[in-house]
Amino acid sequence: MTALLAARFGTRRRSLVAGFALGLLLCFVVHGGAHAQPAPEPPYTLPDGEGRDLVQFHCAICHDLGIVRQQRLSERIWNEVLNDMKKNGAVFTDEQRAAILDYLAKHFRP
Amino acid sequence: MKPIPHHPSAVENKDARSARPLSRDRRRFLIRAAQAGALWAFGSLFGSAGTRNAWAQNDAPGTAAYPGKFTLLDRGQRPLNLETPIALLDQEITPNDAFFVRNHGTIPEVDPSTWRLTVEGELLRTVELSLDQLKRDYEVVTMTAVLECAGNGRAFFKPPVRGNQWARGAIGCAAWTGVRLRDILRSGGLKPKAVYIGCYGADDSLNPGQVQPFSRGIPIAKALDEHTLVAFQMNGQDIPKPNGYPVRLIVPGWVGSASQKWLTRIWVRAEEHDTPFMVGKAYRVPKRTIEPGADIAPEDMRVAMDWPVKSMITRPLEGSSAKAGRALEIRGFAWAGEHAVRRVELSFDGGKSWNNAATLKPAADKYAWNRWSHDWTPTRAGAQEIWVRATDDAGNTQPPEAPWNPGGYLGNAIHRVPVKIDA
Numbered sequence: 001m002t003a004l005l006a007a008r009f010g011t012r013r014r015s016l017v018a019g020f021a022l023g024l025l026l027c028f029v030v031h032g033g034a035h036a037q038p039a040p041e042p043p044y045t046l047p048d049g050e051g052r053d054l055v056q057f058h059c060a061i062c063h064d065l066g067i068v069r070q071q072r073l074s075e076r077i078w079n080e081v082l083n084d085m086k087k088n089g090a091v092f093t094d095e096q097r098a099a100i101l102d103y104l105a106k107h108f109r110p
Numbered sequence: 111m112k113p114i115p116h117h118p119s120a121v122e123n124k125d126a127r128s129a130r131p132l133s134r135d136r137r138r139f140l141i142r143a144a145q146a147g148a149l150w151a152f153g154s155l156f157g158s159a160g161t162r163n164a165w166a167q168n169d170a171p172g173t174a175a176y177p178g179k180f181t182l183l184d185r186g187q188r189p190l191n192l193e194t195p196i197a198l199l200d201q202e203i204t205p206n207d208a209f210f211v212r213n214h215g216t217i218p219e220v221d222p223s224t225w226r227l228t229v230e231g232e233l234l235r236t237v238e239l240s241l242d243q244l245k246r247d248y249e250v251v252t253m254t255a256v257l258e259c260a261g262n263g264r265a266f267f268k269p270p271v272r273g274n275q276w277a278r279g280a281i282g283c284a285a286w287t288g289v290r291l292r293d294i295l296r297s298g299g300l301k302p303k304a305v306y307i308g309c310y311g312a313d314d315s316l317n318p319g320q321v322q323p324f325s326r327g328i329p330i331a332k333a334l335d336e337h338t339l340v341a342f343q344m345n346g347q348d349i350p351k352p353n354g355y356p357v358r359l360i361v362p363g364w365v366g367s368a369s370q371k372w373l374t375r376i377w378v379r380a381e382e383h384d385t386p387f388m389v390g391k392a393y394r395v396p397k398r399t400i401e402p403g404a405d406i407a408p409e410d411m412r413v414a415m416d417w418p419v420k421s422m423i424t425r426p427l428e429g430s431s432a433k434a435g436r437a438l439e440i441r442g443f444a445w446a447g448e449h450a451v452r453r454v455e456l457s458f459d460g461g462k463s464w465n466n467a468a469t470l471k472p473a474a475d476k477y478a479w480n481r482w483s484h485d486w487t488p489t490r491a492g493a494q495e496i497w498v499r500a501t502d503d504a505g506n507t508q509p510p511e512a513p514w515n516p517g518g519y520l521g522n523a524i525h526r527v528p529v530k531i532d533a
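Respectively, the protein sequence lines represent chains A and B.
Quick note on numbering: the first sequence equals residues 1 to 110 in this note's numbering.
Quick note on numbering: the second sequence equals residues 111 to 533 in this note's numbering.
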């Protein structure tokens, strides 16, 4: 039992040290050091579905899609968001607006 | 009137940038590298850290970097929004390269040699200042203060609300060096009609012509508080570009958006400032508490001003492990907007009892955060939650759930940290 605990402890400590070292290495490989350059946005940042291309086109003119991805809102609130975006200069037809709202309410709901 | 104490290290470092020995750079680099390692080693906190398209897995953000900034949590690239992971907040002064970024528009290139601040409106005479004049004509002070985005904690509102889904890291505490705004206002001769200031920066909106540049303001009483600064240094260095280089306002204890970045103009007004970022639902909270999810008319809301009492556990990290029978230091910070923190308590039984008082260290300055710690020895193995709550000097205690509001502002719900206790 003692041996087992010792072995477990040893393994955990080794794995922690290894994890730490790997963490360091990854940070430099992935990010090119602590102060990295901004990564380009990947081509597809929204889940597939009807209306995705409209959202990508209309919303990404002014801002990136990170703000879309991180929200989970009811259809009522998404509708409010689209009203505000229209005031902010978003241009879409009624059909396009309906398709955008459907997409957001379906894929980014609470 | 109590003088604002100088922060010795900040003053010493004023011109240290070029003179700093290499060994110190290397040490800083190694500290950052260790932080990077820590970030990865405690990666369970961040779920999908490292992947940008986090939607496929869950709501956890990916990571992103900006020149001069450490790799932080990605809350959007355009506009740039970066959240500091709690793993990097376990220090009394948040380093500049780990400090969160909340932007609404562009990050402007401002030439400090041509930068001017214009202060006009309800004044006897307009004041125009270059950076040299600002530093020469007014007393320079340094003050340590917390800066926290109004939306920090938005991710915890139920039902969910619009906006950047900040968790707990849209906050930092830094030593700010600058001049008192009240000295500038008085040098212009404040008229009795002055009730509010409106602030403008050099940044533009992401849809210029259609959307006004970001502009907010504060009541004249707060503008005349000795702690409201026109700051040109952060932790003894130039303010980082995404944090407002070369000059920004610091309105301590209040929502971060009041601290206008890349400051160029202050309009002293005879009425409340009324840009789109001051009216409607923007940076406004209900005058009275409302049912979660309820709709509310703009006239039933008021401008979000000072932060209510709040606290956070910085160690242990969420999801980490501890060992039964072995003492562990639980620590973190507490802060209280315009108030002082009176006590910090912990609960290990899901909030049924709060009889574990933390040791509270005095704050460095009026608006700095308080370090607290508590030694704890877990007794039995299994899943355990550590809860913390702070109480201010007016008797206000952090609630289990923050008062719901449609903008998700002023989220000060108690922090609950799940840990695993091994036998």
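In short, the hints are calculated from the structure, not lab data.
Hints should not be assumed to be uniformly reliable.
To be verified - Below 25 angstroms or equal to it, Euclidean Cα-Cα: the simulated BS3-like pairs (lysine-lysine) are:
# : chain 1 : residue 1 : chain 2 : residue 2
1 : A       : Lys86     : B       : Lys391
2 : A       : Lys87     : B       : Lys391
3 : B       : Lys462    : B       : Lys268
4 : B       : Lys268    : A       : Lys106
Here is what the structure says about each hint:
1. A/Lys86 x B/Lys391: Between A/Lys86 and B/Lys391 the Cα gap is close to 16 angstroms, so the pair holds against 25 angstroms.
2. A/Lys87 x B/Lys391: Within the cut-off at roughly 14 angstroms; holds.
3. B/Lys462 x B/Lys268: Distance of about 22 angstroms is within 25 angstroms: holds.
4. B/Lys268 x A/Lys106: Holds - the C-alpha atoms of A/Lys106 and B/Lys268 are around 19 angstroms apart, at most 25 angstroms.
Violation of the numbered hints given earlier is absent; every hint is satisfied by the structure.
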